[in-house]
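Single-letter residue listing:
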Amino acid sequence: DQQVKQNSPSLSVQEGRISILNCDYTNSMFDYFLWYKKYPAEGPTFLISISSIKDKNEDGRFTVFLNKSAKHLSLHIVPSQPGDSAVYFCAASGAGNQFYFGTGTSLTVIP
Amino acid sequence: EAQVTQNPRYLITVTGKKLTVTCSQNMNHEYMSWYRQDPGLGLRQIYYSMNVEVTDKGDVPEGYKVSRKEKRNFPLILESPSPNQTSLYFCASTRTWGEGTQGYTFGSGTRLTVV
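Line by line, the protein sequences are chains A and B. Going by this note's numbering, 93 is the number at position 97 of the first sequence; the sequence numbering is gapless. Going by this note's numbering, 43 is the number at position 29 of the second sequence; the sequence numbering is gapless.
The following block holds chain B by itself, in its conformation from the complex (with noise of 0.2 Å):
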């Protein structure tokens, strides 16, 4: 089944403690990205890959780190995760772009809460 498998699901952690939530996808798709939705401020953009190595800011990356060494995986690491990045995360990826396309699948999403 194609799909973009985030993990985990669910994460509590404390202020200041390093940690890295996975996205992988069995699609061969170029691109991949992240989102974080928050009340009232839908959907936005934290960093997007357009291939390997090839990884660029969206509109709220500060705080966040990606890596993009294989095409499939896109992991999400917070160096220092701090209250305000509690959030709801969604890992996405696409083959290409425009016209015709369907966009962005989706993965389940990683509900994180930093206390």
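The shape of chain A in the complex, shown without the other chains (with noise of 0.2 Å):
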């Protein structure tokens, strides 16, 4: 059963507009998020995370959001850059020693 799940396969944005990946979970328990970005022929790496304590975190242009009432977090870049084009993973963590990671959005940025 998928406890992380990201509802959109792929997304295309203009260069210079804003992305927005969404990112939902089911598992109450979980209490730290982190999004992983993907490049071709690459392993993931670390992007930007968020406490469950908080409800935004900003690194620049990437900002997470996380919505704790509906279980939902969002990745917002702006602006968006062709170099962005990835795949996203959102990923969350609880009392155990895993990462439940959701399926990936693929992000195309277009000049």
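It is worth saying that the hints were derived from the structure and are not from the lab. There may be inaccurate statements among the hints.
To be verified - Computed Cβ-Cβ distance ranges for the label pairs, DEER-style:
(1) B:K31 - A:S47: 44 to 52 Å
(2) A:D55 - B:S96: 41 to 49 Å
(3) A:S6 - B:R125: 20 to 28 Å
(4) B:G30 - A:T41: 32 to 40 Å
Beta carbons: idealized from backbone N, C-alpha and C, even for Gly.
Fit chain to chain and form the complex, with the hints in mind.
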């Protein structure tokens, strides 16, 4: 049973515009969330994280929002750049020593 | 350079022929894990290890074995590979969990094809 879901397999955005990637989770025990970015032929790399005690975390062009009541988080990229084209995975962890990953969203930023 | 190294990067094998994918990390991380990535299914955990000689099943352990005899190495063993194990495999490691961490550091992946 998929505990972390990314319902949009792909997303296309014009360069300079905002990219919004969404992620939903089912386990209310999750208290730490991360976003990873993956280029072809490479492993995923850490992008940004957020703890459940916060509702927003910002790092440059990347902002992650957490809505605990809705069990939903989103990643905003502003402005989007062609180099942001990649697959993005959200991940969640709780009391156990495991990370649960979503299915990924492939972002294409069109120049 | 801090990294997780997997070998081989690409492997084509035949059904039933035992194989091992090696994984090594140079960051002195306690936790290591193996994931497989399949279209539409994302990253699914196969096995993980919290320290030397401590391993446990993830979500999709059937058909795989692991061992953790040394802290830095965590090989993935397919005793009798089958075509449904054709996938992209990632090894990953992390020092700890929770707030403030960056989660796993991943290797570059092993593309396995079983014919």
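Structure-based check of all given hints:
{"no.": "1", "hint": "B:K31 - A:S47: 44 to 52 Å", "verdict": "holds, 46 Å"}
{"no.": "2", "hint": "A:D55 - B:S96: 41 to 49 Å", "verdict": "holds, 42 Å"}
{"no.": "3", "hint": "A:S6 - B:R125: 20 to 28 Å", "verdict": "holds, 21 Å"}
{"no.": "4", "hint": "B:G30 - A:T41: 32 to 40 Å", "verdict": "holds, 35 Å"}
Of the numbered hints stated above, none is contradicted by the structure.
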